[in-house]
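Spelled out, the chains give:
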Amino acid sequence: MIYWEQMNARPTPTGPAKLLHVHWPLVILIFCVCGAGFLMLYSVAGGNMDTWARPQMMRFGLGVVVMLIVAMIHIDFWRRISVLTYIGGLALLVAVEFMGEVGMGAQRWIDIGPLRLQPSEVMKVALVMVIAQYYAWLPRDKVSNPFWVALPLLMTAIPVFLVLRQPDLGTAILMIAGAGVVMFLAGVSWWYFGTAIAVVSGTVWAVFESRGQSWQLLNDYQYRRIDIFLDPSMDPLGAGYHITQAKIALGAGGLSGRGFMQGTQSRLDFLPEKHTDFIFTSLAEQFGFLGGLTLLGLYTAIIMFCLLSAFSNRDRFGALMTGGLTATFFFFFAVNMAMVMGLLPVVGVPLPLVSYGGSAMLVLLGAFGLIQSAHIHRPRGADA
Amino acid sequence: MARGDKGGPTITRRGLVLMGVQLALVGTLGWRMRHLQVEEAERYRLLAEENRINIRLLPPARGLIYDRAGNPIAVNRQNYRIVIVREGARDPEEVLRRLSRLIEISPDRRERVLRDIHARPAFVPVTVAEHLDWESFARVAANAPALPGVLTEVGLSRHYPADDIFAHIVGYVGPVSDYDLSRIEDPDPLLQIPDFQIGKNGVEKRAEAELRGAAGNSRIEVNASGRVIRELDRVEGRSGQDLQLTIDSGLQDYTLRRMEGESAATVVMDISTGEIVSMASAPSFDPNSFVFGISTGEWNALNQNEYRPLYNKAVSGLYPPGSTFKMVVALAALEDGVIGPGDTVFCGGSIEIGNRRAYCWRRGGHGWMDMRDSLKNSCDVYYYDVAQRVGIDKISAMANRLGIGVRHDLPLPAVRAGNMPDRDWKMRVHGESWLIGDTVNSGIGQGFMLASPLELCVMTARIASGNAVTPKLIRSVDGLPSAMDPGEPIGLNPNALDAVRGGMFAVSNDRRGTAYRARIAAPGMAMAGKTGTSQVRRITEAERRTGVFRNEDLPWNRRDHALFVAFAPFDAPRYAIATIVEHGGGGSTAAAPIAQDVLIRALYGPEPPIEAWPSALHQTIRERRRLGQDSASVQRSRA
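Protein chains in written order, with my numbering: chain Z, 1 to 384; chain S, 1 to 639.
Honestly, the hints are just simulated from the structure, not real lab data.
These numbers come from a predicted model, not from an experiment.
By construction, the Cβ of each residue, glycine as well, lies at the ideal position given by its N, Cα and C atoms.
Do not take every clue at face value.
[As the list claims (entries may be wrong)] Among chain S residues calculated to face chain Z with C-beta under 7 Å, some are: (1) Val26; (2) Gly30; (3) Leu36; (4) Gln37; (5) Val38; (6) Tyr44; (7) Leu47; (8) Ala48; (9) Arg416; (10) Asn419.
[Claimed, not checked] Estimated spans, in silico, between C-beta atoms of each pair: (11) Ala144(S) <-> Val204(Z): 38 to 48 Å; (12) Leu84(Z) <-> Asp233(S): 40 to 50 Å; (13) Asn300(S) <-> Gly46(Z): 45 to 55 Å.
[To be verified] Chain S residues, not near chain Z, derived (Cβ > 12 Å throughout): (14) Asn76; (15) Arg115; (16) Val154; (17) Ile198; (18) Ile339; (19) Trp556.
When you get a sec, could you build the whole thing from the sequences and use the hints?
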C-alpha cells in the first residue's frame with residue numbers, strides 16, 4: 001500500500017488542483033461502459049443514431065458535467081445536505097402519487113418543465129447518503145443498539161413502501177440493498193442480518209408450505225402469480241416470452257457473437273424492451289460471450305476501484321456513502337444481468353449507464369460525482 | 001460534527017466481506033453467461049433460426065348487400081382453402097405430389113401453382129385448392145405433419161344466392177388482377193393478399209369503398225417450417241358497410257323472367273322517391289361463376305351471344321327512343337307556345353320537306369290530329385310538323401330537362417348518357433350543319449337521338465309527377481337511410497303536362513289507342529303509356545314503293561326495337577316503367593305487354609287479381625298461371 005501512503009502524506013487539495021485528484025481511471029471506465037451503451041443503442045435502432053443513441057449521448061455529456069461539478073464540491077457540503085435531499089426525495093415520491101404520469105404501466109415520472117424526473121432514482125442515492133450520514137453521526141457504541149438500528153430501518157421502509165406502491169419492485173430491491181450494505185459496513189451486528197435473513201426465509205417457507213393446507217396464507221390467484229414470477233415459462237405469452245427470447249438471443253451470440261449489427265434476434269423485434277431492460281441481450285448476441293464478459297469485467301473494475309477508494313477513506317461518511325452507492329450500482333447491473341439470463345425473475349431493472357434513459361443516466365453520473373468528491377476530499381495524513 | 005473514528009479506514013474488514021460476496025456473484029453471472037453462450041450455444045442458435053415473426057393481414061368481411069325488404073343479394077360464405085409456402089415446403093413438387101393423394105389437383109392447377117410458387121417470394125402463400133368440402137379440408141389438416149409448408153385456411157368468399165337475378169345491378173367480385181393494381185393509386189395492402197376479392201362490376205365495383213372495410217392484422221410467431229406457434233397480437237379490422245338496395249327482389253325476379261327469351265331491358269321506378277324497384281336486363285348471367293374465375297368456354301359463350309348477356313342494357317344500352325320521344329316534342333312545343341293542346345294538324349300520310357318526303361307510319365294518314373289524338377295514334381306527321389316549328393335546340397333542352405342525355409348518378413360503372421343532338425353537336429361531331437330533315441327525324445325520336453331505358457323511365461316519372469325525379473339505387477348504407485326526395489318541381493306548365501298525360505292515358509285506355517290491349521283494366525289502377533317502335537335501318541324510297549318489309553320477314557338484328565313507357569295509376573302515379581325489347585318489332589305488341597304485366601305485379605304484389613288485366617287476356621293469364629310461369633323464382637332458388 002505504498003501508493004496510498006504517499007498520497008495520504010499530502011494535504012487535501014483545493015482549487016483547480018482538485019482536478020488532478022479526480023479518480024481518472026474510474027472516469028475512463030465509466031466512459032468505456034457508456035460507449036458500449038451508445039454502440040448498442042445505435043445497433044438496436046437498426047443503425048439509426050437519432051432514435052436513441054444521440055439523445056443518450058447528449059444526456060451523457062450533461063451527466064459528465066454534473067459529475068465533475070459534484071466532484072469538485074466538498075464532501076462536507078453533500079453530507080450537510082443529505083438529510084435535506086432525503087426529505088426532498090420523499091416529498092417528490094409522495095408527489096408522483098398525485099401528479100405522476102403513468103409511464104410503462106407504473107407511476108414513476110414527474111414532469112418539471114422539459115425535464116422528466118424519476119424521484120425513485122434520486123431516492124436511491126439520497127437514502128444511501130442519509131444513512132451514511134446517520135452512522136457518521138452515531139457514536140460507534142450505539143451502532144448495534146436496537147433503538148438506533150430501528151431508526152435507519154424506518155428511514156428505509158418509508159421510501160421503499162412508496163416505491164412499491166408505484167409499483168417498482170426493482171428500485172425497491174436496490175434501495176434495500178444500498179441501505180443494508182451501508183448498515184453492514186457501519187458495523188451493525190451480524191445478529192441483525194442473520195435474523196433478517198432468517199425471518200425472510202421463514203416467511204417464504206411458511207407461504208409456500210401453507211399452500212393447500214388449512215392455514216393457507218395467501219389466495220390461490222396470488223400463488224399463481226408467484227408461480228409465474230418464479231417460473232415464467234408458465235406464462236409463455238407474457239413474462240415467459242421475454243425471458244425465452246432473451247435466452248435465445250444470448251445463446252445465439254455464442255462465444256464470439258454474430259458481429260456488430262448482425263443480431264437477428266434484436267433486429268427482428270423478438271426482444272422486448274430491447275433498448276432498455278433487455279439491452280444486454282443485444283450486446284451478448286452481437287459480441288458473444290467475450291463481449292458480455294468484457295462488459296462484466298468493466299463493471300467489476302468500477303466496483304473494485306470504488307470499494308478500494310472507500311477502504312482507504314478515513315472519513316466515515318465518505319467511506320460509508322461510497323460503499324453504499326457502489327453496492328447499489330453493483331446490484332443494479334447484477335440484477336439486470338441475472339434477470340436477462342434467467343437467473344432471477346423479471347423485475348424491471350435497467351442496465352446502468354447502458355440502457356436508454358436520461359433520468360437514470362444523470363442520477364448515476366451524479367452518484368459517481370459523489371464518490372469522486374469523497375475520494376478527492378478524503379482526509380489525508382496531514383489532516384489527521 | 002461527529003466524524004467517527006479517524007484512526008484509519010473504517011470499513012475494511014466488512015468491506016472485504018462485501019467485496020468477496022460481490023466477486024462471487026460476478027463469478028456466478030460469468031458462469032451463467034458461459035453456460036448459455038458456450039455450452040448451450042448450439043441449441044439456442046437453432047432456436048434463433050426458428051424464430052420468425054410474420055405479420056398477417058386479416059381481410060375484413062365484405063359488406064353485405066340486401067334488397068329493399070332485407071333479403072340477401074350478396075353474402076359471404078366460408079371458403080376452405082389450402083395454400084402452400086415455398087419457404088416451408090423446401091421441395092414443393094414432392095409436397096404437391098403427396099397432397100394430390102389427398103385431394104384432387106388437376107395437372108393444369110399443379111402447373112400454375114408451381115409457376116406461382118417460384119415467381120413469388122419464398123414466404124408468400126400460394127393457393128393450391130379452394131372451396132373444398134369439409135371432409136377434404138379435414139383430411140389435409142390431419143396430414144399436416146407430412147406436408148411441410150402446407151397451410152389450411154378458412155376465408156370468406158362472395159356468394160350471390162339469387163344467381164342471375166341481380167347480376168347486372170350487383171355485378172360481381174373477383175381476384176385482384178395486376179391490371180387492377182396498376183390502376184389504383186396508393187393500393188390498400190389488402191389487395192396484396194392472394195385471392196383477395198374486389199368488386200369488378202356493378203354495385204360491387206362502384207361501392208367498393210363502402211363494401212371493402214379496413215384490414216386488421218395479426219402478428220404471429222412461426223417456426224422455420226412456417227407453422228404458427230402463437231399469435232402475439234391482433235388488431236381487428238373493420239368489416240365493410242352493408243348496403244341495402246332499393247330493388248324489390250320479387251319484382252326484379254318477375255321482370256327478368258317475364259323478358260325470358262328476349263334481348264330486353266326494363267326499369268321500374270318509384271315516382272315519389274326515384275327509387276329503382278326493378279331494373280332487369282335480359283338475358284342475364286350467373287355472377288357466381290365470376291367469383292372464382294370464369295372458365296374460358298363459359299366466357300366465350302357469354303361474350304359471343306348476340307343477345308349480349310353481360311351488357312346491362314337498362315343503363316348502358318342506347319336506343320333511338322322512337323315514338324316514346326313524342327312527349328318530349330309535345331312538351332317543348334306547348335312550353336314554347338308554338339301550338340296549343342287543341343290546335344290541329346292534318347296528317348295525309350306524308351309530308352313534303354324540301355325535296356324529300358317524310359312518311360307517317362300509317363300510309364293512309366290520320367286526318368286532323370290534335371295533341372291527344374297525335375299521342376293516342378302516335379301520328380308521325382303531326383310531330384314532323386311540330387318539331388319544325390319548335391326547332392331542335394328547344395327539343396334537346398326539353399329532353400335534358402326530362403332526364404334524357406344527362407348522366408344519372410347511380411352506383412353502377414356502366415351508366416351511359418343518351419345523345420340529344422343540337423346544332424352545335426352536329427357541327428362538332430360530324431362537321432356538318434344541321435338540316436331540317438334532322439329536326440324532322442328527331443321529332444319522332446329517330447336520327448341522332450339515343451336514350452337508355454333508364455333515361456326513358458326517368459322521363460316518364462318526371463312527366464307523371466312534374467318533379468325532377470332522380471333515380472336512386474341505394475336505400476341505406478349500414479342502416480343509415482339515404483336521402484329520398486321527390487325532386488324539385490320541374491317548372492313546366494301544369495296544363496301542358498296534363499295535355500301530355502291525357503294523350504298517354506288515351507294510348508292505353510282509348511279503344512283506338514296503340515296500347516289499348518295492354519291496359520290495366522282494374523278501376524283506379526289505369527296506366528298511361530306510350531308505345532315506340534324505332535327503326536334500326538333506313539327504309540329506302542324503293543322499299544316504300546314496293547311496300548315496307550314486315551319485321552317478321554327481316555333477320556333478327558335488322559328488326560325494329562320495341563319500346564314502351566308508362567306510369568300508373570293514372571290518378572295518383574306510383575310507378576314509372578320503361579321497357580325495350582331489342583329487335584322486338586312493334587312497341588305495342590312486344591314491349592307493352594311486358595310493361596303491363598310488370599306494372600300490375602308492382603302495383604298488386606306477387607298475386608295480382610285476374611281483374612287487373614283486360615278480359616281479353618284473362619284466358620292467357622290463367623293459362624300462364626296454370627303452367628307456373630308466373631311464380632317467382634327467387635323463392636324457389638332460395639328454398
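Results of checking the hints against the structure:
A least Cβ separation of about 5 Å between Val26(S) and chain Z falls short of the 7 Å threshold, and the interface hint therefore holds. The interface hint given for Gly30(S) holds, since its Cβ lies 6 Å from the closest Cβ of chain Z, which is under the 7 Å cut-off. Evaluation of the Leu36(S) hint against chain Z yields a held restraint, the C-beta minimum of about 5 Å falling below 7 Å. For the restraint placing Gln37(S) at the interface with chain Z, the shortest Cβ-Cβ distance is roughly 4 Å, inside the 7 Å limit, so the hint holds.
For Val38(S), the suggested interface contact is upheld, since its CB lies about 6 Å from the closest CB of chain Z, less than 7 Å. Satisfaction of the interface hint for Tyr44(S) is found here, the shortest Cβ-Cβ separation to chain Z being roughly 2 Å, below the 7 Å cut-off. For Leu47(S), the shortest C-beta to C-beta distance to chain Z is roughly 5 Å, which falls under 7 Å, so the interface hint holds. Among the interface hints, the one on Ala48(S) holds; its C-beta lies about 4 Å from the nearest C-beta in chain Z, closer than the 7 Å criterion.
Taken as an interface hint, Arg416(S) does not check out: its beta carbon lies about 53 Å from the nearest beta carbon of chain Z, beyond 7 Å. At about 61 Å, the closest approach between the beta carbon of Asn419(S) and any beta carbon in chain Z exceeds 7 Å, and the interface hint on this residue is violated. Between Ala144(S) and Val204(Z) the beta carbon distance is about 46 Å. The supplied range of 38 to 48 Å therefore holds. Taking 40 to 50 Å as the suggested C-beta distance range, the pair Leu84(Z) and Asp233(S) conforms, at roughly 47 Å.
Taking the beta carbon of each, Asn300(S) and Gly46(Z) are about 54 Å apart, inside 45 to 55 Å as hinted. Every C-beta of chain Z lies more than 12 Å from that of Asn76(S), the closest at about 31 Å, which supports listing it as non-interface. Here Arg115(S) stays apart from chain Z, with its beta-carbon at least about 30 Å from theirs, past the 12 Å limit. Remark: the non-interface label on Val154(S) is consistent with the geometry, its nearest Cβ contact in chain Z lying 23 Å away (cut-off 12 Å).
Every Cβ of chain Z is farther than 12 Å from the Cβ of Ile198(S); the closest lies at roughly 31 Å, confirming the non-interface assignment. At roughly 82 Å from the closest C-beta of chain Z, the C-beta of Ile339(S) stays outside 12 Å, upholding its exclusion from the interface. Every Cβ of chain Z is farther than 12 Å from the Cβ of Trp556(S); the closest lies at roughly 68 Å, confirming the non-interface assignment.
Going through the hint list in order, the structure does not satisfy hints 9 and 10.
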